[in-house]
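Protein sequences appear in the order of chains L and U.
Going by the working numbering, the first sequence opens with residue 1, and the numbers climb by one from there.
Going by the working numbering, the second sequence opens with residue 1, and the numbers climb by one from there.
In short, the hints are calculated from the structure, not lab data.
On a predicted model such as this, the values are computed, not experimentally measured, just so you know.
Honestly, I wouldn't trust all of these hints.
[To be verified] Just a few of them, taken from the derived set where beta-carbon distance is under 10 Å, the chain U residues facing chain L:
| no. | residue |
| --- | --- |
| 1 | TYR11 |
| 2 | GLN12 |
| 3 | SER14 |
| 4 | ARG22 |
| 5 | ILE26 |
| 6 | PHE134 |
| 7 | ASN136 |
| 8 | GLY155 |
| 9 | THR206 |
| 10 | ALA213 |
| 11 | GLU215 |
[What the hints assert, rightly or not] Every beta carbon over 10 Å from chain L, so not counted as near; a handful from chain U, in silico:
| no. | residue |
| --- | --- |
| 12 | VAL23 |
| 13 | ILE36 |
| 14 | VAL51 |
| 15 | SER91 |
| 16 | PHE101 |
| 17 | TRP108 |
| 18 | TYR160 |
| 19 | HIS169 |
| 20 | LEU183 |
| 21 | ILE204 |
| 22 | MET214 |
| 23 | GLY216 |
| 24 | GLY218 |
| 25 | PHE219 |
| 26 | HIS224 |
| 27 | LEU229 |
[What the hints assert, rightly or not] Taking lysine-lysine and the DSBU-like style, the derived pairs with C-alpha atoms no more than 35 Å apart in a straight line are:
| no. | chain 1 | residue 1 | chain 2 | residue 2 |
| --- | --- | --- | --- | --- |
| 28 | U | LYS148 | L | LYS157 |
| 29 | U | LYS69 | L | LYS112 |
| 30 | U | LYS228 | L | LYS75 |
| 31 | L | LYS33 | L | LYS157 |
| 32 | L | LYS8 | L | LYS237 |
| 33 | U | LYS143 | L | LYS71 |
| 34 | L | LYS75 | U | LYS143 |
| 35 | U | LYS228 | L | LYS133 |
| 36 | U | LYS148 | L | LYS112 |
| 37 | U | LYS69 | L | LYS71 |
| 38 | U | LYS143 | L | LYS70 |
| 39 | U | LYS228 | L | LYS13 |
| 40 | L | LYS8 | L | LYS157 |
We put the CB at the ideal spot given by N, CA and C, even for glycine.
Letter by letter, the chains look like this.
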Amino acid sequence: MSNAVEIKNLSYKYPDGTTALEDINLSIQAGEKVALIGPNGAGKSTLLLAMAGFLGGSGKVFIDGLEVNKKNIRKIRAIIGSCLDNPDDQLFMPTLQDDVAFGPLNMGLEAKQVEQRVAEALETVGLSGMGEKAPHHLSAGQKRAAAIATILSMRPKIITFDEPEGSLDPRHRNNLTGLLKKLPQTLVKATCDMNFAFSVAESIVLIDGGRIIAEGNVEKIMLDEQLMTEHGLETPKR
Amino acid sequence: MHHAHIDKFAYQDSVIHRLDSRVKFIVTVLFTAVVISLPRTSVSILFCYAVGPFAVLVLAGIPLRFVFKQILIVSPFILVLAFSSVFYDRSEVRIAFGPYFWDITTGWLRCFTILGKFIITMMALIALVSTTRFSNLLCGLQKLGFPKILVIQLGFLYRYIFILIDRAHHMIRARSGRKLKNLGLKREVKVASSMIGSLLGRSIDTAQRVNIAMEGRGFNGNWHSLSKLRVRAADLIFIFLAAAFTAGLFIFVKPILG
Chain L
1 MSNAVEIKNL SYKYPDGTTA LEDINLSIQA GEKVALIGPN GAGKSTLLLA MAGFLGGSGK
61 VFIDGLEVNK KNIRKIRAII GSCLDNPDDQ LFMPTLQDDV AFGPLNMGLE AKQVEQRVAE
121 ALETVGLSGM GEKAPHHLSA GQKRAAAIAT ILSMRPKIIT FDEPEGSLDP RHRNNLTGLL
181 KKLPQTLVKA TCDMNFAFSV AESIVLIDGG RIIAEGNVEK IMLDEQLMTE HGLETPKR
Chain U
1 MHHAHIDKFA YQDSVIHRLD SRVKFIVTVL FTAVVISLPR TSVSILFCYA VGPFAVLVLA
61 GIPLRFVFKQ ILIVSPFILV LAFSSVFYDR SEVRIAFGPY FWDITTGWLR CFTILGKFII
121 TMMALIALVS TTRFSNLLCG LQKLGFPKIL VIQLGFLYRY IFILIDRAHH MIRARSGRKL
181 KNLGLKREVK VASSMIGSLL GRSIDTAQRV NIAMEGRGFN GNWHSLSKLR VRAADLIFIF
241 LAAAFTAGLF IFVKPILG
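Throw the hints in and build the complete structure from the sequences for me.
If you want it as structure tokens, here you go:
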């Protein structure tokens with residue numbers, strides 16, 4: 001069986017010549033919940049964008065066995081859902097219902113199927129009955145949940161999250177942690193919050209300077225104080 | 001941050017709110033066209049025309065205080081335009097209202113006409129946006145055959161204008177926090193230019209990220225919506241009443257008051 005994500009020798013430079021990713025090799029199994037940790041500017045967000053085919057670069061990326069390239073991009077986008085760091089970028093439609101329906105409608109599903117998916121996705125994230133609301137009427141926590149619903153309605157096999165816990169208060173962060181834990185999909189989360197990563201991840205990938213520094217067991221990596229401090233991080237509070 | 005949205009009453013429920021957005025849009029456009037095309041001598045007729053949007057606002061339960069506040073907000077430009085006509089057209093005319101009559105200049109007459117038309121058309125427009133959810137309005141425009149790109153742009157404008165206003169407020173607050181003395185006009189203009197430039201840069205950045213979010217969810221240039229619009233008996237009655245009201249005024253009231 002192929003891995004959910006397979007990255008081989010991926011390198012990427014920004015247009016100004018700055019190296020963002022350098023020789024990344026990574027395999028993520030289906031159903032695995034991985035946290036990408038690293039300091040600001042480490043390349044976490046860039047790696048997530050490369051996985052979903054938003055960036056080029058050298059090397060190869062395979063999603064569910066399909067190579068990420070122009071030919072496969074529509075299939076890839078149906079398999080991998082990207083949840084951006086700012087929910088306001090993710091929620092661009094006039095109502096929450098239209099936003100959650102946006103992906104399924106673009107997939108060519110019938111209106112009835114779309115309605116069912118919208119209802120299910122909103123229920124999963126705890127926003128049932130709020131479909132008629134405009135995104136700017138939602139709280140920060142609700143926006144975050146709504147952004148996740150826009151991805152869930154497409155039923156992707158893999159979901160990437162960029163700083164999903166950003167600007168959430170402890171209660172909403174706990175709700176999010178609970179939600180992410182119960183999702184059956186392969187999850188890849190980029191985060192600077194070590195406590196959050198520690199609580200939701202089954203494996204860790206530590207990135208710094210565009211390179212993978214360490215990957216594997218959560219406790220082994222995250223409780224290594226020297227390793228974490230060397231890369232501008234801290235060990236989680238237990 | 002909390003914003004006072006122009007469509008904040010659009011989520012209420014009333015017989016007007018339940019009407020099809022296409023019907024409300026077409027009636028508003030046609031009514032506005034009729035009001036604008038009235039001759040400048042028909043100040044008294046304008047009062048009669050105001051009954052239409054006034055009745056719609058009352059039926060929809062839209063507070064009139066809110067309506068006139070919105071009209072005031074957008075009035076400065078029209079006020080300048082209206083009052084400027086007082087100075088360039090000074091020929092005298094006599095106006096009558098029932099048994100009363102006054103001698104005024106044509107400039108003042110033109111000024112009152114402009115203000116009257118502005119208030120009535122604004123009332124009609126506010127009645128439309130206060131009784132129609134923006135998503136339904138967009139869906140209606142799309143179904144009426146408006147260019148797809150225009151509908152998409154309007155949707156984005158509605159969605160992101162508040163975010164842009166928030167950002168501008170944050171920047172102004174950040175500037176105020178560090179501006180400890182009067183900088184002088186030249187410096188102020190320079191700082192304001194930088195802030196506008198920064199706002200533009202961030203808007204472009206946001207646009208790129210929104211594009212990523214759209215492409216990530218399979219956007220291929222086609223705009224789909226789940227909104228369902230249906231013309232029902234109530235819509236047909238509304239069209240009939242609106243047409244009868246406008247035509248009635250046009251045919252019968254004009255000769256009497258005009």
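Results for each hint:
The interface hint given for U:TYR11 is met, as the beta carbon of that residue sits about 7 Å from the closest beta carbon of chain L, less than 10 Å. With a cut of 10 Å, the hint placing U:GLN12 at the interface with chain L is violated, because the nearest CB-to-CB distance is about 12 Å. The interface hint given for U:SER14 is broken, as the beta carbon of that residue sits about 16 Å from the closest beta carbon of chain L, more than 10 Å. At a threshold of 10 Å, the smallest CB-CB gap from U:ARG22 to chain L is about 16 Å, leaving the interface hint violated.
Violation of the interface hint for U:ILE26 is found here, the shortest Cβ-Cβ separation to chain L being roughly 20 Å, above the 10 Å cut-off. Below 10 Å, beta-carbon pairs count as interface contacts, and U:PHE134 has one with chain L at about 5 Å; its hint therefore holds. Hint on U:ASN136 holds. Least Cβ distance to chain L is approximately 9 Å, under the 10 Å limit. Nearest Cβ of chain L to the Cβ of U:GLY155: about 6 Å, under the 10 Å cut. The hint holds.
A cut of 10 Å between beta carbons decides the hint on U:THR206: the least distance to chain L is about 6 Å, and the hint holds. The beta carbon of U:ALA213 comes within 5 Å of a beta carbon in chain L, closer than 10 Å, and the hint placing it at the interface holds. The criterion of a C-beta within 10 Å of any C-beta in chain L is met by U:GLU215, whose closest approach is roughly 7 Å, and the hint holds. With 10 Å as the threshold on Cβ separation, the claim that U:VAL23 sits away from chain L holds: the shortest Cβ distance comes to roughly 19 Å.
Look at U:ILE36: its CB is around 29 Å from the nearest CB on chain L, clear of 10 Å, so calling it non-interface holds up. At roughly 32 Å from the closest C-beta of chain L, the C-beta of U:VAL51 stays outside 10 Å, upholding its exclusion from the interface. Under the 10 Å C-beta cut-off, the non-interface status given to U:SER91 relative to chain L holds; the minimum distance is some 50 Å. Against chain L, the non-interface label of U:PHE101 holds: every CB pair exceeds 10 Å, the least being about 51 Å.
Under the 10 Å C-beta cut-off, the non-interface status given to U:TRP108 relative to chain L holds; the minimum distance is some 43 Å. At roughly 8 Å, the least C-beta separation between U:TYR160 and chain L is not larger than 10 Å, which violates its mark as non-interface. Taking the minimum C-beta to C-beta distance to chain L, about 14 Å, the non-interface status of U:HIS169 holds against the 10 Å cut. Every CB of chain L lies more than 10 Å from the CB of U:LEU183, the least distance being 32 Å, so the non-interface label holds.
The Cβ of U:ILE204 sits about 13 Å from the closest Cβ of chain L, beyond the 10 Å cut-off, so the non-interface label holds. Against chain L, the non-interface label of U:MET214 is violated: not every CB pair exceeds 10 Å, the least being about 7 Å. A cut-off of 10 Å between C-beta atoms contradicts the statement that U:GLY216 is not in contact with chain L; the least separation is 4 Å. Not every C-beta of chain L lies more than 10 Å from that of U:GLY218, the closest at about 3 Å, which undercuts listing it as non-interface.
A beta-carbon of chain L comes within 10 Å of the beta-carbon of U:PHE219; the shortest separation is about 6 Å. Consistency note on U:HIS224: stated as away from chain L, yet its beta-carbon is not over 10 Å from all of that chain's, at 4 Å minimum. With a least beta-carbon separation of about 13 Å from chain L, U:LEU229 lies farther than 10 Å from that chain, consistent with its non-interface assignment. Distance hint between U:LYS148 and L:LYS157 is fulfilled; the C-alpha atoms sit about 32 Å from each other, no more than 35 Å.
A hinted pair counts as satisfied when its Cα atoms are at most 35 Å apart, and U:LYS69 with L:LYS112 does not qualify at roughly 42 Å. Distance check on the hinted pair: U:LYS228 and L:LYS75 sit about 29 Å apart at the alpha-carbon level, within 35 Å; holds. At roughly 12 Å between alpha-carbon atoms, L:LYS33 and L:LYS157 fall within 35 Å of each other, so this suggested pair holds. Our distance criterion of 35 Å between C-alpha atoms is met by L:LYS8 and L:LYS237, whose separation comes to about 34 Å.
Annotation: proposed proximity of U:LYS143 to L:LYS71 holds, straight-line Cα distance about 33 Å (limit 35 Å). The straight-line distance between the Cα atoms of L:LYS75 and U:LYS143 is roughly 30 Å, inside the 35 Å bound, and the hint therefore holds. Only pairs whose Cα atoms come within 35 Å are accepted, and U:LYS228 paired with L:LYS133 is accepted, the gap being roughly 16 Å. With a C-alpha separation of about 24 Å, the suggested pairing of U:LYS148 with L:LYS112 holds against the 35 Å cut-off.
The straight-line distance between the Cα atoms of U:LYS69 and L:LYS71 is roughly 55 Å, outside the 35 Å bound, and the hint therefore fails. At roughly 33 Å between alpha-carbon atoms, U:LYS143 and L:LYS70 fall within 35 Å of each other, so this suggested pair holds. At roughly 46 Å between alpha-carbon atoms, U:LYS228 and L:LYS13 are farther apart than 35 Å, so this suggested pair is violated. Straight-line distance between C-alpha atoms of L:LYS8 and L:LYS157 comes to about 20 Å, which keeps the hinted pair within the 35 Å bound.
When the structure is compared with the earlier hints, violations turn up for hints 2, 3, 4, 5, 18, 22, 23, 24, 25, 26, 29, 37 and 39 and for no others.
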